[in-house]
Structures are given as structure tokens and as C-alpha cells.
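J.: What follows is the residue order along each chain.
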Amino acid sequence: MNKVTSLTDAVASISSGAHVALSGFAITRCAMAFAREVIRQGLTGLTISQCVGAMDADLLVGAGAVKRLIYGGGSLDRFGRLSSVNRGIEDGSLIAEEYSSLSVAFRYLAGSLGLPFLPIRSLRGSDLLSQIQERTPGDVALISDPFTGDSWLALKPLCPDVSVVQVQIADEDGNAWILGPKWDNAEQVRASQRTIVITEKIVSSEVIRQNPERTAIPGLLVSHVVELPFAAHPTSVYREYDYDAEQIGCYVEATRTPESLQQFLIETVFSVKDHWEYLEKMGGMRRLNSLRADPILGY
Amino acid sequence: MDFEYTPSELMAVAGARELHDRQIVAVGLGLPVVASFLAKQTHAPNMTILFELGVVDPEPIHPGVGLADPRVWYRAKQLSSFVDILGTILHKGLVDVGFLGGLETDQYGNLNTTLVGDPHGKFRHMIGSGGANDIASCARSTIIIMRHEARKLKQAISFVTSPGYITGGDSRMQAGLHGGPYRVITDKAIFGFHPETKQMMLLSIHPGNTLEDVLETMGFAPVVPEHLPFTEPPAEEQIHLIREVIDPQRMYMG
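As you go down the protein sequences, you meet chains P and H in turn.
Under the working numbering, the residue at position 233 of the first sequence is numbered 236, and the numbers go up by one with no gaps.
Under the working numbering, the residue at position 59 of the second sequence is numbered 342, and the numbers go up by one with no gaps.
I should point out that these hints are in silico values taken from the structure, not numbers from a laboratory.
These figures come from a predicted structure and were not determined experimentally.
Possibly wrong hints are sitting among the right ones.
Unchecked claim - Chain H regions said to be covered by chain P (calculated; three or more residues, Cβ under 8 Å):
| no. | stretch |
| --- | --- |
| 1 | 315-329 |
| 2 | 355-362 |
| 3 | 410-416 |
| 4 | 444-458 |
| 5 | 480-490 |
As the list claims (entries may be wrong) - Computed Cβ-Cβ distance ranges for the label pairs, DEER-style:
| no. | chain 1 | residue 1 | chain 2 | residue 2 | range |
| --- | --- | --- | --- | --- | --- |
| 6 | H | Gly404 | P | Ala21 | 24 to 34 Å |
| 7 | P | Asn5 | H | Asp401 | 34 to 44 Å |
| 8 | H | Glu287 | P | Arg197 | 51 to 61 Å |
| 9 | P | Ser147 | H | Ile344 | 32 to 42 Å |
| 10 | H | Gly491 | P | Trp279 | 55 to 65 Å |
| 11 | P | Val255 | H | Glu287 | 29 to 39 Å |
| 12 | P | Ile98 | H | Glu519 | 32 to 42 Å |
| 13 | P | Ala157 | H | Glu287 | 48 to 58 Å |
Virtual Cβ for every residue (Gly too), placed ideally from N, Cα, C.
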């Protein structure tokens with residue numbers, strides 16, 4: 004089976020209402036080209052999960068594609084908050100299931116190991132837990148340690164329909180390297196039924212086999228491989244390119260009102276036919292080349 | 284004294300002084316980053332700095348816009364994951380100090396980073412937990428750093444994102460948690476916690492402030508000991524490091 008597809012086909016493999024885990028963390032390695040294509044194709048009612056809310060999730064929420072967000076809080080670092088997510092939570096249009104970073108990671112980990120639950124020390128004594136117990140009581144339980152009798156909070160596994168992961172390098176089978184910190188991506192992928200890899204570059208399997216210890220995602224978990232340079236723009240990809248501060252700034256400005264966000268979506272999503280046209284609109288090679296990472300620094 | 288410093292710089296220096304060599308420190312966003320790098324570059328060279336997303340002991344040479352900026356991952360000893368950092372190091376109990384900022388705290392050091400207003404009515408949603416709840420729940424001790432204002436040091440906070448001593452006394456133990464807040468550092472004073480009641484307790488006042496000023500600008504009454512010293516002012520070298528090396532673009536120091 005040939006897994007290498009266009010972004011259009013990869014997104015078309017996802018139905019409205021699916022649970023999609025995204026690889027972003029704040030403003031780095033976000034599945035941005037994927038999010039823009041989801042919006043173009045008009046998917047709705049998605050459940051999105053990730054340990055720390057990022058720009059990919061915020062854009063999807065702002066475009067009205069998301070019904071439910073399972074996350075551990077998040078921001079755009081010093082650029083600002085997740086304004087679309089926050090607005091959705093404040094006006095009740097978004098169902099937010101809010102945890103901490105580790106508790107979402109443990110829910111993915113439980114799913115990745117095929118375990119029925121995982122106990123955790125976090126969340127207890129907080130309003131995060133009372134909120135979860137009130138809204139989704141079936142996802143947590145207080146249990147006693149069968150060996151010591153101590154009381155523990157048990158978390159239900161979180162098993163997305165599909166993970167969408169932005170990586171630096173992959174081969175045609177989806178064996179993928181994630182360079183730099185991986186935050187929740189390894190557990191997220193393994194908890195999901197399948198994974199879509201969006202890679203800056205496809206290399207031959209021989210390249211992967213020469214340094215297989217770098218492989219974060221084995222191809223056997225991957226359904227689609229999409230090769231697309233600058234697919235995380237305007238967020239960063241470690242060792243590939245820096246975040247585009249100017250464009251993230253434009254996004255933050257645009258999220259101030261639903262109207263200005265709609266205008267932003269028209270300009271950057273709806274009026275461009277695909278990712279290549281988007282890159283041209285963002286300034287093309289001249290601009291993108293200025294974001295290229297220094298090989299020693301990684302940014 | 285022949286040099287000037289800002290309240291933020293004093294906060295960062297006071298935070299750095301609470302950290303010790305060879306400690307393992309989990310660091311949240313903002314001022315804790317400056318304080319930790321300052322400690323590491325002065326009296327605590329063998330301290331280990333952890334960032335939740337999977338960064339062990341970085342040595343940045345350029346200031347970053349936050350934890351997601353590869354600038355703050357530079358020269359790390361290991362780049363891993365949440366499960367590695369927050370799980371196998373923090374959750375296992377190996378982190379000596381969790382270093383957190385926040386929107387609001389109360390007299391028991393409970394921290395809010397989630398929302399301002401009424402959670403069941405009208406509110407503004409902010410950032411949420413990230414790793415803050417995990418750090419506050421699992422670290423052996425936590426240091427909280429925030430501005431000294433009545434709207435931040437409150438009798439009742441809007442939402443407990445990260446537990447401190449919960450309702451005081453042994454309520455934190457009852458909830459199954461060890462550790463707890465150890466210091467609260469503001470731009471006017473340094474607080475600890477009363478050993479029995481777990482109420483916030485003044486330890487020192489920063490030079491240039493009075494006790495009245497400190498108490499008037501907070502929403503609850505802390506325990507005030509009989510002997511109340513002034514906080515040691517920053518050393519010139521510490522201010523130099525903050526301005527020239529750690530935060531030259533004044534991203535954290537405002």
C-alpha cells in the first residue's frame with residue numbers, strides 16, 4: 004500500500020466528528036497546514052486533544068471545526084493566549100475538558116499500553132478535578148491501591164481516532180524522526196488508532212536505517228505520509244525553521260474579534276487553494292528562507 | 284549602594300537565592316526562568332533545570348519567548364518528553380523545587396492560572412495548568428513568584444488550578460499530596476508558611492517598603508512574626524547577569 008498522499012487526501016480520510024490528536028505545543032511543531040486544509044474541506048464537530056493547547060488547535064476552534072477540546076491548558080507563549088479556545092470556553096460554544104500536561108500524557112500513555120486506567124498523583128485537591136468530576140465523571144475515579152490500600156486517582160485511557168504529527172523527516176512507509184523534545188507525541192501516536200505523518204521531507208528508508216534510534220514513530224502505526232515543506236508555518240520546527248513572529252503577531256491581532264478572525268481565515272485559508280499558494284502569500288522563498296534554522300543552534 | 288534595580292529584578296534575585304546547588308528544579312514560564320538561570324550562573328552551577336515538555340539542563344545563549352522556543356532548549360543534556368520529565372522525574376518524587384508563577388494565590392498558596400471571575404457565571408479564561416498542577420502536586424516543595432497586588436494575593440481565588448495547602452492544616456496530606464509551597468516571592472516581600480496552620484507568613488520585606496504598605500496591598504492578612512528583617516538587596520553581579528546575559532531584551536523583566 005502506498006502511504007504517500009497529498010494533504011487533501013490525508014484530510015479526506017478523516018470524518019467530521021472524529022477525535023484528532025494534534026502534535027503542536029504552543030508555537031512549535033503545530034500541524035498548521037493540516038489545520039488549514041481541515042478548515043478548507045469544512046470538517047466540523049471534531050474532538051481535538053493534546054497535552055498543551057497550541058496554535059493548530061486554536062485555529063481549528065476559531066474556524067468552528069471543533070466541538071470538544073481535551074487539553075491541559077495552553078498559550079502562544081509570549082505572543083498571547085489561545086484566544087479562540089478561550090472565547091469558545093467563555094461563551095459555551097466549545098466543550099473543554101481541562102486537565103494538566105501530565106494527566107493528559109498519562110491518559111495517552113494508558114491508551115498506548117492498552118491498560119484500563121493509570122493512577123496519578125496530580126489533579127487531587129484542585130478545581131480541575133472537581134470540574135472534571137462534574138462534567139465528565141466517567142473519565143476519572145478514586146481507587147485504592149490493591150497492595151497498600153492507599154487512595155489514588157485513576158485516569159481513563161484517551162484513544163484518539165487519529166494522530167496528526169508534524170515531523171522533520173520520514174520515509175515513504177512513515178518511519179519518522181522527531182528531532183528535539185517530543186512532549187506528548189510518542190504516547191499520543193501509540194494511543195491512537197492510526198497516524199498521519201506530515202513531514203518536511205521524505206527520505207529513503209536507507210537514511211532511516213542508518214540512525215534508527217532517532218525514529219520516534221514506526222511506520223507500522225502510520226496510515227498516511229504527506230511531504231510538505233514549512234507545513235508548521237508560522238510555528239517553528241526544531242532544526243528546520245524558526246517561528247514567524249510577524250505572522251503569529253498577525254494571527255494574535257486577528258483573534259481579537261470573531262469578525263477579524265473571519266477576515267484572517269479568508270486571506271490565509273479560503274482564498275488560497277493549497278499549501279503552496281499559502282507559502283507564496285506568506286512571502287515565498289525569500290521570506291521562508293530567512294526563517295531557516297542554523298544547524299548548530301537548531302533555530 | 285551605587286546601583287539601581289527594579290522590583291522585578293529583586294524578585295528574580297530573591298527567587299535565585301532560594302535555589303541550591305545540586306537541586307533538581309522544575310521551572311514554569313516567565314520570571315522562574317530568569318531566577319533559575321541566574322542561580323545556575325552564580326551559586327548553583329550543578330543545579331538541574333527541567334522544562335516540562337522534555338528539556339533537561341539547557342544552556343541558552345539567546346532569550347526565548349517561552350518554553351516552546353528552541354532558544355531555551357539550546358545545549359540541553361537531554362531532549363525527551365512529558366512522560367520522561369513530569370513522569371519519571373517529577374511524579375516519581377525526584378524534583379526538589381517546583382518554581383511557578385501565577386495569576387492569583389490565596390493564604391494557603393493555592394494557585395490560579397485558569398480563569399478570572401465566576402467559573403459558573405461570567406469569567407475570562409486564561410492559560411490553564413500546563414505542567415503547573417503536576418509540579419504543585421508532585422514536587423518536594425514549590426516556590427511561587429508573582430506581583431504583590433490585592434487582586435493577585437486574594438482571600439478567595441477564582442479557581443484552584445494548582446493546590447497549595449488547600450484549606451490549611453493537614454488538608455493537603457488528606458488529599459494524598461506531600462510537599463507544598465515553601466516560599467512566595469513578590470515585588471514587596473518574601474513569605475513562608477506557618478508550620479501548623481499553613482497560612483502564609485511574612486519572612487522579609489524588600490528594602491524601600493513598609494509593613495503597612497505590604498499588608499494594605501494584599502487581600503488577606505498573613506502571619507506577621509515579631510522580628511521582620513529587610514530582604515537582602517541584589518548584588519551588582521546578579522543585576523549585571525540579568526540585564527546583559529539572561530534577559531537582555533527584557534522579555535521577562537518587563
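J.: Could you say whether the range 51 to 61 Å given as a hint is met by the Cβ separation of Glu287 of chain H and Arg197 of chain P?
T.: holds, 59 Å
J.: Looking only at beta-carbon atoms, does the pair Gly491 of chain H, Trp279 of chain P fall within the given range of 55 to 65 Å?
T.: holds, 59 Å
J.: Counting residues of the stretch 355-362 of chain H that have a beta-carbon nearer than 8 Å to any beta-carbon of chain P, does the count reach 3?
T.: holds (count 3)
J.: Cut-off 8 Å, C-beta pairs, minimum 3 residues; does the coverage of the stretch 315-329 of chain H by chain P stand?
T.: With 0 residues closer than 8 Å to chain P, the stretch 315-329 of chain H misses the three-residue bar; violated.
J.: Could you tell me whether the CB distance from Ser147 of chain P to Ile344 of chain H stays inside 32 to 42 Å?
T.: violated, 50 Å
J.: Assuming the hint says 32 to 42 Å, is it satisfied by the Cβ distance from Ile98 of chain P to Glu519 of chain H or not?
T.: violated, 53 Å
J.: Please test the hint of 24 to 34 Å on the beta carbon pair from Gly404 of chain H and Ala21 of chain P.
T.: holds, 33 Å
J.: Between Asn5 of chain P and Asp401 of chain H, is the Cβ distance one that fits in 34 to 44 Å?
T.: About 54 Å separates the Cβ atoms of Asn5 of chain P and Asp401 of chain H, which means 34 to 44 Å is violated.
J.: 48 to 58 Å was suggested as the range; check whether the CB atoms of Ala157 of chain P and Glu287 of chain H agree with it.
T.: For Ala157 of chain P and Glu287 of chain H the Cβ distance comes to about 54 Å; the hint holds.
J.: Quick one: see if chain P covers the stretch 410-416 of chain H, three-plus residues with Cβ-Cβ under 8 Å.
T.: holds (count 7)
J.: So is the stretch 480-490 of chain H in contact with chain P by the C-beta rule, three or more residues under 8 Å, or is the coverage claim wrong?
T.: violated (count 0)
J.: Taking 29 to 39 Å as the stated bounds, is the beta-carbon spacing between Val255 of chain P and Glu287 of chain H within them?
T.: holds, 33 Å
In the structure shown, a violation is registered for the earlier hints numbered 1, 5, 7, 9, 12, in ascending order.
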